[in-house]
Amino acid sequence: MEAAVSDQQINLLLTDLLYVYGYDFTAYAKASLKRRINRLYTLDHFPSFAEFRYRIRSDENYFNRFIEQLTVNVTEMFRDPLFYQALKTQIFPVLATYPFIRIWHAGCSTGEEVYSTAILLKEANLLHKSILYATDINAEVVKKAAAGIFPIHQMQQNSENYQLAGGREEFSQYYIAGYDHVLFNEILKKRMVFSTHNLVSESSFNQFQLILCRNVLIYFEKDLQGRVFALFDESLDKLGYLALGSKETLKMSPMVSRFRQVDTEKIWRKMQ
Amino acid sequence: MAENAISKQCVVIGGSAGGLPGIIYILEQLCPDFPTPIVIVLHRRNDRDSTLTALLSHKTTLLVKEAEDKDVITPGIVYLAPADYHLLIEKNYSFSLDHSEKVQFSRPSIDVTMQTAAEAYGSGLITILLSGANADGTAGLEATRHNGGISIVQDPAEAFAPFMPQSAIDQLVTDHTMNMAGIVTLLYRLLVGPVTHQ
Ligand SMILES: C[S@@+](CC[C@H](N)C(=O)[O-])C[C@H]1O[C@@H](n2cnc3c(N)ncnc32)[C@H](O)[C@@H]1O
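Here the protein sequences come in this chain order: U and B.
Those letters in the first sequence? Residues 581 to 852, per the working numbering, in order.
Those letters in the second sequence? Residues 7 to 204, per the working numbering, in order.
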């Protein structure tokens with residue numbers, strides 16, 4: 581099956597995105613990007629590449645859809661429960677010694693990860709002195725994350741993950757159930773700050789004791805991964821922690837020498 | 007081993023239900039200096055354990071490892087697609103992982119790995135589709151041929167679950183239909199030369 585949008589045409593689109601909108605996707609992993617673009621092209625029944633390109637360039641609403649579809653937003657609460665267990669048992673006791681805890685969820689998608697962390701912080705009696713910054717390139721998912729409203733059908737799975745992560749309470753106490761959605765408690769949301777932030781082009785905006793950037797970097801090429809690691813390095817306190825997704829690693833980056841892996845999970849501590 | 011030159015050739019093997027014995031059969035017959043990297047996409051349960059890697063390691067002298075994001079694809083290594091991620095091959099002969107939607111109800115998808123491999127390796131690609139109970143892989147074989155590579159399916163009569171190879175045959179996207187012994191002989195003929203093995 582011949583791909584509908586060729587490599588050359590993809591380069592045209594990426595150049596457009598950069599010059600028309602200031603979004604730089606040129607250092608994203610190409611094979612995945614190409615699949616996403618072709619998928620959208622087919623999904624939206626464009627008769628020709630020219631029309632596809634014109635629509636993206638000229639229609640900002642469609643551009644937003646394009647960005648949404650280009651990036652992979654799949655997430656769930658307590659994704660990789662053992663990771664959260666490590667967070668709770670190995671990282672939180674150290675964070676507890678700080679008077680004030682700043683955490684950054686970079687690439688938070690619809691926010692499930694942020695609520696998961698907040699719940700565990702609350703159970704460790706740390707939430708009141710924590711602030712969780714949650715950012716994503718995609719304004720639409722950030723809006724959803726800030727609302728804290730999630731489909732009710734996911735709660736069964738979320739609750740199971742929560743138990744596996746070592747949660748000991750009744751999971752349903754953290755939300756109010758509506759007909760087909762649930763609304764997470766204000767007490768969790770009160771400690772969160774949501775904003776758009778593009779890891780490719782924007783700079784550091786604070787110092788953190790813990791940065792989570794999970795399942796974002798696999799979509800970047802190696803060089804861009806390196807630049808983002810430098811951004812995290814700059815944004816981390818000495819002895820701060822960096823948490824990556826289960827298939828991501830600091831191993832190949834020159835920065836690794838200044839970090840020490842904390843656990844079998846993908847958590848590194850900045851040593852100098 | 008990591009010092010080996012990048013290979014412009016690659017073998018991608020896809021399997022689903024009943025595919026494991028075929029994979030083991032092939033691995034058992036690979037010589038220690040087999041010249042091309044092997045990439046295996048096997049549908050399996052979503053677990054974190056490395057049982058499959060360990061199991062396959064015992065079947066060959068080649069290094070067997072789970073493919074990691076950004077690994078440069080190197081001869082002498084048998085790569086296994088990790089559970090629950092699509093495994094994509096970039097044009098610089100490295101892997102990238104992707105957790106997007108399932109394709110043909112599968113993640114990893116055989117089609118996705120083979121399609122991206124076809125674009126990267128062109129005529130240097132050999133794809134092999136083994137036993138399975140769904141239609142994954144057919145589009146991958148089609149892409150292989152479209153880009154000048156060679157596509158092989160296990161003879162459905164020999165496969166535990168004939169649906170997957172049969173689907174490719176029905177779509178006329180196969181160059182060779184063979185039993186496992188034939189597949190191994192062909193691999194050696196295409197990649198190692200006319201020497202006899204074992
Ligand atoms: C698969 S989600 C990960 C969600 C969550 N961290 C998790 O592990 O489940 C990847 C997110 O990264 C975001 N993303 C992609 N490129 C980005 C960039 N340049 N800057 C910030 N976020 C980005 C996407 O919008 C998407 O929401």
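Mixed in with the good hints, there may be bad ones.
[To be verified] Here are the simulated EDC-like cross-link-like pairs (lysine to aspartate or glutamate), alpha carbons at most 16 Å apart as the crow flies:
id : chain 1 : residue 1 : chain 2 : residue 2
1  : U       : LYS831    : U       : ASP813
2  : U       : LYS802    : B       : ASP77
3  : B       : LYS97     : U       : GLU801
[As the list claims (entries may be wrong)] Ranges between beta-carbon positions, derived for each pair:
id : chain 1 : residue 1 : chain 2 : residue 2 : range
4  : U       : ALA727    : B       : ALA11     : 48 to 54 Å
5  : B       : ALA11     : U       : ASP587    : 23 to 29 Å
6  : U       : VAL654    : B       : ILE30     : 28 to 34 Å
7  : U       : ASP639    : B       : THR57     : 45 to 51 Å
8  : U       : PRO679    : B       : LYS71     : 54 to 60 Å
9  : U       : ALA810    : B       : GLU34     : 26 to 32 Å
Treat the hints as calculated values from the structure; they're not laboratory data.
Fair warning: this is a prediction, and the values are worked out from it, not measured in the lab.
Cβ coordinates follow ideal geometry from the N, Cα and C atoms, glycine included.
Quick rundown of the hints versus the structure:
no. : hint                           : verdict
1   : U:LYS831 / U:ASP813            : holds (14 Å)
2   : U:LYS802 / B:ASP77             : holds (10 Å)
3   : B:LYS97 / U:GLU801             : holds (12 Å)
4   : U:ALA727 / B:ALA11: 48 to 54 Å : holds (53 Å)
5   : B:ALA11 / U:ASP587: 23 to 29 Å : holds (25 Å)
6   : U:VAL654 / B:ILE30: 28 to 34 Å : holds (32 Å)
7   : U:ASP639 / B:THR57: 45 to 51 Å : holds (50 Å)
8   : U:PRO679 / B:LYS71: 54 to 60 Å : violated (45 Å)
9   : U:ALA810 / B:GLU34: 26 to 32 Å : violated (46 Å)
The structure is inconsistent with the numbered hints 8 and 9, although it conforms to all the rest.
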